[in-house]
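*Asks:* What follows is each chain in one-letter form.
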Amino acid sequence: MQKITKDQLVEKTVALLSDGTVSAVLGWSRGEFDYDITPAVFKTAEDLKENFVWNDFCGANFSKYLVAQTGKVEGKILVFLKPCDTYSFNQLLTEHRFDREKVYAVGIPCEGMADIAKVKEIVGDGIVSIEADGENLKVSTLYEDAPALVNAKDVMAERCVNCKSKKHVAYDELMGDDGEVIESNRFDEVARLEAMTPDERFAFWQNELSRCIRCNACRDACPACTCEKCVFDNPASSVENKAPANSFEEKMFHIIRAFHVAGRCTDCGECSRVCPQNIPLHLLNRKFIKDINEFYGEYQAGAEVGSRAPLVDYTTEDLEPGEVFDRGDKDA
Amino acid sequence: MQVKEYKPLIVAFCCNWCSYAGADLAGNNRLSYPADVKIIRVPCSCRVNPMFILRAFQRGADGVIICGCHPGDCHYTSGNYYTRRRMAALFSMLDFLGIEKERTRVEWVSAAEGAKFAATMNEFAETVASLGENKRLEDLRCKR
Amino acid sequence: MNKMEETLIPKIGVITDVRIDTPDIKTFRVVTPDGKKAFDHRPGQCAMLSIPGVGEAMFSITSSPTNTEYMEFSIKKCGCVTEWLHQAEVGQQITIRGPYGNPFPVDDVFAGKNLLFIAGGVGLAPLRSVINYCRHYRDRYGDIDIVYGSRSKDDLLDYKEIIEEWSNDAGVNVHLTIDNPQEGWDGHVGFVPNFVKELGFDTNKTAVLCGPPIMIKFTLEGLISLGFDKTQVYTTLELRMKCGVGKCGRCNVGSKYVCKDGPVFRCDELEELPDEY
Amino acid sequence: MRKVSLDSINKVFAKISESNKLYLPVDGSDGVAVYTEWSEGKEWSNALNTVRSPKDFFFPQMENLMEFKTSGKNIELVDIRDEKEDFVIFGVRACDVRSFDILDRVFLSDPVDSFYASRREHGIIVSVACSKPSETCFCKTFGIDAANPDGDVTAWKTEDSVYFVANTEKGEAFMKKIEDLTEECDDSAVTAQKERIAKIMEKLPLADLSTDAFGGGKTDTFFNAPEWDELSQTCLGCGTCTFVCPTCQCYDIKDFNTGNGVIRYRCWDSCMYSEFTKMAHGNNRLSQKERFRQRFMHKLVYYPENNEGIFGCVGCGRCLAKCPISMNIVKVMKKIGGNKSE
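Residue numbers (the numbering used here), protein chains in the order written: chain A, 1 to 332; chain B, 1 to 144; chain C, 1 to 277; chain D, 1 to 342.
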């Protein structure tokens with residue numbers, strides 16, 4: 001259950017729209033069901049009142065949309081940022097990807113977003129409605145007469161279970177209370193894989209990456225992937241490729257994708273959220289984050305604007321690439 | 001059928017200012033290192049994009065080594081420091097994906113270190129040979 | 001499976017002659033390795049040429065179907081395939097498949113009509129096939145007018161053929177123009193659309209237009225101001241293509257596939273398509 | 001009609017796979033069903049459908065078309081098409097069976113695509129009726145009966161048995177193979193299931209979705225509709241919808257230089273991608289709006305115009321479930337169809 005309500009957000013937004021502070025609003029628009037929510041640009045109070053939603057399925061991170069939308073909108077655009085979104089917001093600012101002056105950022109608290117796949121695992125298919133009910137979600141399906149009560153904690157998306165921060169690191173206005181950076185267990189799964197033998201790890205990733213259909217959703221949704229032209233779309237790069245022709249190309253794409261955002265990835269988890277094949281892509285990014293923290297000191301991309309990403313920085317005392325493997329006996 | 005002796009194909013990216021000259025010196029001094037080490041000259045070790053490494057494996061390399069100036073001696077002041085960070089991260093990732101970590105390496109070889117160059121290549125080729133053919137980052141289309 | 005004919009599998013072609021037409025256009029003569037024409041075609045149809053490893057692209061067949069010995073392609077250097085072709089020497093093998101698309105209606109609609117061909121730049125390439133076809137069967141058609149313009153005298157395609165053959169034919173009038181004045185040029189200077197209006201053609205003609213999109217747009221407006229109806233004007237479209245047979249979806253505009261339903265369209269048919277070409 | 005008890009279904013699979021490769025949905029390690037070649041120990045998934053549609057079997061994401069060997073100025077072309085063997089796809093849902101018909105109209109129309117044709121010729125489709133449709137299902141909108149799918153053989157799965165009816169010669173041959181394992185039965189159980197499914201279909205949230213507003217000849221009505229801006233506004237331009245779609249058939253042809261030859265292959269392509277229509281001298285669809293519009297106009301207007309009114313969508317609901325921003329054909333139809341369905 002989210003602490004802030006949809007009505008509060010609509011009220012605030014309508015006020016800012018009508019007094020001319022902002023001329024457009026990046027928000028969540030209702031779908032056919034209660035969970036298929038589409039990011040949308042709202043321009044009128046009527047539209048907002050009718051279609052704006054805020055519930056446990058508003059996972060989409062709007063930061064990247066600012067790159068395109070700030071160029072399209074006259075005046076300021078209001079954007080709602082959950083705590084994790086604020087990190088992406090700062091990272092994009094660090095990289096000068098949009099004009100801060102054109103944005104009115106409203107921080108909103110987040111109690112964690114639900115994963116519809118997890119809901120379906122518990123209550124089954126044929127969902128006709130989902131309502132928040134205290135700590136629970138009340139889910140009605142076609143196949144059960146009585147709605148099922150599911151604890152929101154049990155269906156929380158992986159990235160929210162391992163939430164790294166409830167603190168907003170950027171906003172013009174904050175609604176509700178700010179939270180704190182959280183000690184999370186987000187690297188546990190990476191550590192579990194590290195503890196495996198190389199053969200086991202290879203088998204694990206072979207199985208995961210072989211499902212990739214190269215739809216590019218992970219790249220296109222990623223707030224750190226904002227190149228005007230991606231190397232994988234450029235015919236002149238000689239790696240332009242639309243299909244995972246074989247296991248090599250699957251790996252190449254995902255290694256390069258993760259490497260290119262290494263040090264800039266805020267761990268927002270959009271890549272795994274959007275993957276139609278449920279590949280745990282965030283683990284690749286987290287591996288880089290974990291390594292960077294261990295090799296070069298703790299670093300959280302997007303925690304502050306203007307910080308220098310670790311892979312475009314150095315000290316004369318850095319460890320040697322060969323020493324990476326000597327530090328522990330994780331491969332022993 | 002005759003069984004061909006397995007010789008690993010090694011791709012060595014050598015920086016123009018130190019390691020390439022080091023390789024040159026190794027040659028001038030008649031120091032031997034495996035003929036299957038293919039040297040690609042790059043302006044600086046930090047010119048090596050992760051894609052280069054993956055592409056080398058795709059095209060049949062069994063091991064990839066990057067050689068640059070010793071830290072502090074970069075012709076461009078700091079290029080090799082960036083190499084050091086990037087490759088540390090990349091190699092760790094390759095290892096994370098289960099690709100044998102012994103197949104990738106960074107070595108600092110100065111223009112005066114012909115002997116080190118030859119020794120490094122010999123030792124690296126031996127290590128890679130003991131692993132056998134690169135199977136985990138191969139592109140079958142290129143193997144026919 | 002008995003290996004059936006597969007349209008995506010090309011034939012091998014050999015470049016037997018390369019003619020430098022303009023600084024950026026060359027004309028290539030292509031036959032099969034045993035010296036024959038690769039396939040028969042109709043005026044206005046296209047073929048897919050490729051260089052393995054470089055790419056495949058659609059080109060209009062410049063030579064007339066009445067030429068039974070070889071095919072010619074006039075190709076402007078503008079992308080990776082064309083750049084590679086421009087470096088090719090005589091004897092180079094390429095691959096060729098086709099013919100693709102609908103031809104100009106030379107045997108029904110055009111028969112007995114006065115014809116007006118209007119081309120700009122490399123846009124003459126697809127028209128050359130029709131013009132030479134009509135010249136070959138001269139008695140089937142009425143008067144033929146050809147308006148052709150280019151940036152400069154050096155950019156005029158097939159200049160020798162135009163001067164030495166087309167201009168000397170009875171009932172064929174050639175009107176040439178270049179964009180800017182140039183030394184050694186005593187012909188007309190100016191853009192094609194204006195030239196067409198200045199020439200002020202009678203509307204008892206069927207017009208065929210080909211050139212850059214902007215030229216087509218203004219020339220069509222010019223023709224309409226002269227009293228032409230859109231049903232009297234034909235043109236050809238160009239879009240990115242991969243398969244050539246209306247399956248890969250790339251050249252889909254509205255319900256039409258340019259590779260299969262075009263590239264030749266009558267201007268009133270074009271108007272029914274969504275504005276996406 | 002013949003039946004086999006659900007307990008013995010693996011015997012049927014074993015029997016079939018003696019002579020043919022048999023593919024069926026099997027739950028993967030993450031619980032998501034994937035078409036997998038059956039072998040001892042693999043269990044037929046209970047999932048409603050696979051994320052990847054079975055169009056893969058006839059129009060694979062990537063396939064090699066031919067090879068070239070070059071030496072000097074010469075090119076040698078190697079036809080690498082090989083003899084295909086019969087294979088069985090088991091457990092195809094009604095929507096996906098219809099998708100083959102939609103693909104056929106593209107690939108089997110003149111000139112026939114021989115790569116597709118030979119796979120189609122050798123594929124035996126055993127469809128299965130849906131027993132628990134999802135809220136994202138809207139096959140009924142396109143006149144598909146989820147309870148009575150087409151295919152060479154139609155199967156119905158009840159709590160304890162699987163029932164079969166052969167529809168084609170290929171299907172008869174299939175049934176012949178498993179004759180010893182199945183027994184003749186009446187159709188009362190199947191009829192009961194059909195009735196039950198029909199009732200569920202009525203209750204589905206998208207049951208009222210209508211195609212009345214769409215069809216051939218409607219280009220002018222919809223092409224310049226102002227709603228396209230809003231609908232496509234937050235489209236990421238990824239290819240998820242096209243790649244999970246059972247009817248999307250656009251492809252690219254590309255060359256891969258292996259170092260000792262060139263392989264020409266084709267792979268799925270997406271009209272949502274920015275370089276789909278890019279040529280050396282420009283692109284005729286510059287913005288995501290135009291690309292987005294193309295995809296839906298093609299399914300709802302262009303395709304029916306060329307195919308006697310048949311729509312290029314089967315209502316499988318994959319794009320509803322998988323689009324990263326939950327934008328999909330249902331939302332498009334409702335928005336630009338002017339809510340005529342409601």
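Derived by calculation from the structure, the hints in this document are not laboratory data. Quick caveat, the model's predicted, so the values are computed rather than measured. From the three backbone atoms N, C-alpha and C, an ideal C-beta is built for every residue, glycine too. Misleading hints may appear alongside valid ones.
[As the list claims (entries may be wrong)] Some chain D residues well away from chain A (every beta-carbon gap over 10 Å; in silico):
#: 1; residue: 40
#: 2; residue: 61
#: 3; residue: 265
[What the hints assert, rightly or not] Computed cross-link-like contacts, BS3-like style, restricted to lysine-lysine with a CA-CA straight-line distance of at most 30 Å:
#: 4; chain 1: A; residue 1: 138; chain 2: D; residue 2: 203
#: 5; chain 1: A; residue 1: 118; chain 2: D; residue 2: 218
#: 6; chain 1: A; residue 1: 102; chain 2: D; residue 2: 289
#: 7; chain 1: D; residue 1: 334; chain 2: A; residue 2: 120
#: 8; chain 1: A; residue 1: 120; chain 2: D; residue 2: 278
#: 9; chain 1: D; residue 1: 331; chain 2: A; residue 2: 120
#: 10; chain 1: C; residue 1: 230; chain 2: D; residue 2: 203
#: 11; chain 1: D; residue 1: 289; chain 2: A; residue 2: 229
#: 12; chain 1: A; residue 1: 118; chain 2: D; residue 2: 334
#: 13; chain 1: C; residue 1: 37; chain 2: D; residue 2: 69
#: 14; chain 1: D; residue 1: 278; chain 2: C; residue 2: 217
#: 15; chain 1: C; residue 1: 217; chain 2: D; residue 2: 289
#: 16; chain 1: D; residue 1: 69; chain 2: C; residue 2: 77
#: 17; chain 1: A; residue 1: 72; chain 2: D; residue 2: 194
#: 18; chain 1: A; residue 1: 72; chain 2: D; residue 2: 331
#: 19; chain 1: D; residue 1: 203; chain 2: C; residue 2: 36
#: 20; chain 1: B; residue 1: 38; chain 2: B; residue 2: 101
#: 21; chain 1: B; residue 1: 143; chain 2: D; residue 2: 69
#: 22; chain 1: D; residue 1: 199; chain 2: D; residue 2: 334
#: 23; chain 1: A; residue 1: 49; chain 2: D; residue 2: 194
#: 24; chain 1: D; residue 1: 194; chain 2: A; residue 2: 120
#: 25; chain 1: D; residue 1: 15; chain 2: C; residue 2: 26
#: 26; chain 1: D; residue 1: 42; chain 2: B; residue 2: 135
*Asks:* Now tell me, hint by hint, if it's right for this structure.
*Replies:* Evaluation of the provided hints:
The claim that residue 40 of chain D lies off the interface holds: its Cβ sits roughly 20 Å from the closest Cβ of chain A, which is beyond the 10 Å cut-off. Residue placement check: residue 61 of chain D does not keep its beta carbon more than 10 Å from all beta carbons of chain A (closest about 5 Å). Look at residue 265 of chain D: its CB is around 7 Å from the nearest CB on chain A, not clear of 10 Å, so calling it non-interface is violated. Between residue 138 of chain A and residue 203 of chain D, the direct Cα distance comes to roughly 19 Å. Compliance with the 30 Å bound is thereby established for this hinted pair.
A C-alpha spacing of about 41 Å is found between residue 118 of chain A and residue 218 of chain D, which places the hinted pair above 30 Å, so the restraint is violated. At roughly 23 Å between alpha-carbon atoms, residue 102 of chain A and residue 289 of chain D fall within 30 Å of each other, so this suggested pair holds. Of the pairs offered as hints, the one joining residue 334 of chain D and residue 120 of chain A holds, with about 26 Å between alpha carbons and a cut-off of 30 Å not exceeded. Pair hint residue 120 of chain A plus residue 278 of chain D does not hold up; C-alpha atoms about 41 Å apart against a cutoff of 30 Å.
Of the supplied pair hints, the one linking residue 331 of chain D and residue 120 of chain A holds, its CA atoms being roughly 22 Å apart against a limit of 30 Å. Using a Cα cut-off of 30 Å, the hinted pair residue 230 of chain C and residue 203 of chain D is violated, with the two alpha carbons roughly 52 Å apart. With a CA separation close to 18 Å, the supplied pair residue 289 of chain D and residue 229 of chain A stays within the 30 Å bound. Taken as a hint, the residue 118 of chain A and residue 334 of chain D pair is honoured in the structure, with Cα atoms around 28 Å apart against an allowance of 30 Å.
Restraint check for residue 37 of chain C and residue 69 of chain D: satisfied, since their Cα atoms lie roughly 23 Å apart, inside the 30 Å limit. Only pairs whose Cα atoms come within 30 Å are accepted, and residue 278 of chain D paired with residue 217 of chain C is accepted, the gap being roughly 21 Å. Our distance criterion of 30 Å between C-alpha atoms is met by residue 217 of chain C and residue 289 of chain D, whose separation comes to about 24 Å. A threshold of 30 Å between alpha carbons decides the hint, and for residue 69 of chain D with residue 77 of chain C the separation of about 26 Å falls inside it, so the pair holds.
A threshold of 30 Å between alpha carbons decides the hint, and for residue 72 of chain A with residue 194 of chain D the separation of about 52 Å lies outside it, so the pair is violated. Annotation: proposed proximity of residue 72 of chain A to residue 331 of chain D holds, straight-line Cα distance about 24 Å (limit 30 Å). Proximity of residue 203 of chain D to residue 36 of chain C is assessed by CA-CA distance (about 66 Å); at most 30 Å being required, the pair is judged violated. Between the alpha carbons of residue 38 of chain B and residue 101 of chain B the distance comes to roughly 20 Å, so the proposed pair stays at or under 30 Å and holds.
Between residue 143 of chain B and residue 69 of chain D, the direct Cα distance comes to roughly 15 Å. Compliance with the 30 Å bound is thereby established for this hinted pair. Restraint check for residue 199 of chain D and residue 334 of chain D: the C-alpha separation of about 24 Å stays at or below 30 Å, so the hint holds. For the suggested pair residue 49 of chain A and residue 194 of chain D, the alpha carbons sit about 42 Å apart, so the restraint of at most 30 Å is broken. Of the pairs offered as hints, the one joining residue 194 of chain D and residue 120 of chain A holds, with about 25 Å between alpha carbons and a cut-off of 30 Å not exceeded.
A threshold of 30 Å between alpha carbons decides the hint, and for residue 15 of chain D with residue 26 of chain C the separation of about 63 Å lies outside it, so the pair is violated. As the CA atoms of residue 42 of chain D and residue 135 of chain B are separated by approximately 28 Å, the hinted pair is consistent with the 30 Å bound.
Going down the numbered hints, you'll see the structure goes against 2, 3, 5, 8, 10, 17, 19, 23 and 25, while the others check out.
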